[in-house]
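Asker: The whole structure should be built from the sequences, with the hints applied where relevant.
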Amino acid sequence: MFYKGLLEKLDVKVQVIRHGKFKSAVEPFILDKMSDANKEQTLKYLSSIWNYLLEGISKSRNMTIDELNAIADSFKIQTAKDAVTYKLIDKLLYKDELLAEIRTKLSIGEKDKISMMSINKYIDAPDNSKKDKPFTKDKIAIVYAIGQIESGKGSDETIGSETISEAIRKVRLDSTIKAVVLRVNSPGGSALASDVIWREVVLTNKIKPVVASMGDIAASGGYYISCAARKIIASPNTITGSIGVFGLVPDFKGLFNNQLGITFDNVKTNKYADFGTVYRPLNESEKNIHQTNVENVYQTFITHVSEGRGLTTEQVDSIGQGRVWSGVDAKEIGLVDDFGGLNKAIETAAQLAKIDNYKMVSYPEQKDPFTKIIEELSGDSENSTLLKKELGETYEYYQFVKDVKNMKGVQARMPYLINIY
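So in numbering that gives the first Met the number 0, spot 79 of the sequence shown is number 78, and the numbers just go up one at a time.
To be clear, the hints were calculated from the coordinates, so they are not data collected in a lab.
One should not assume that every hint holds.
To be verified - 25 Å max Cα-Cα, derived PhoX-like pairs, lysine-lysine:
#, residue 1, residue 2
1, Lys136, Lys43
2, Lys32, Lys43
3, Lys207, Lys32
4, Lys358, Lys207
5, Lys358, Lys136
6, Lys330, Lys230
Answerer: As structure tokens, this is what we get:
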């Protein structure tokens, strides 16, 4: 998503303050297309993800990578029959035929009901291997950090520094909890809020092992809150890194003066009394103040990563600068320890805590389903299911605009959407 045309029509300027070499993350606000540097970076992590997918398909379907690339480049698969022809699927079935095959494999009759389970219930199903083990008070806590990072309590769709910090504090002070898994799926957000959460991770990791489990994306602030964990587990396709920060200061002078016919004047007691106002552009001394602040936050960020990952700040800076990495590449450069999902992270946490019999608990505490339904019906829910259904695929753009509007202070985040098809 690029905003240059929209901003020009509104006569709005965006003043970007960033770490010296940190360019790619803020381009959507000042360009109408990708720069050559950002194209190169994006192609690198897309190629890494694509190559990983090709390797997996190659092994499972007993085909060469060259064959798969040839199929893709020639667009040979245009129908379901084509997929059978080129051996990407085994056969075509209508639903009744599929159900009949399932019944055969289950050795049940034609009229017998098949007990189905959703993928969410399957993932949350209890581990029967622990049924015969003696009762234990030992627990592993999963702290879910999902969405953009912001100060305060947040919502069902955001990571509120106050809410997540409180959750991590609770698990730290609970002696029955022997290890913590921090499940992160976030493009980042407020640098200050990220630092508040990072501090709680550091304190907890001193007392009991913390393992970061990174989902689809753990970029910028998402990586910031993960880097203090004792181990970081990611998917080979996890969008990782984006170690960099920036600040945005909108200049609405053109919009107010030229589009709305509104002008401003002021008197002030001190030189910087109107510092940060949006009805005029920054002057040079104000830009320097912002720049110093951004540089300090970036230095803090790379120092935290350095301490957490056992790298020098120079090494972190060389792989930082806002660059985005795939999970595969992130492991090679030391940002990730191992590959796997949430279960792998739980196993790793149990090993670090030296326990093999434990219960799982989740934080922050979730609202019960009835309360959520009532909130949605009354319009009080911040996580509007109705709006999501109405907007469909475009909901993410609506949410992104909301996120941009709420940006305050220095940002450790990716200010653009990544859609990988």
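Asker: Evaluate each hint against the coordinates.
Answerer: To see whether the hints hold, each was checked on the structure:
no., hint, verdict
1, Lys136 - Lys43, "violated, 47 Å"
2, Lys32 - Lys43, "holds, 18 Å"
3, Lys207 - Lys32, "violated, 46 Å"
4, Lys358 - Lys207, "holds, 16 Å"
5, Lys358 - Lys136, "holds, 8 Å"
6, Lys330 - Lys230, "holds, 12 Å"
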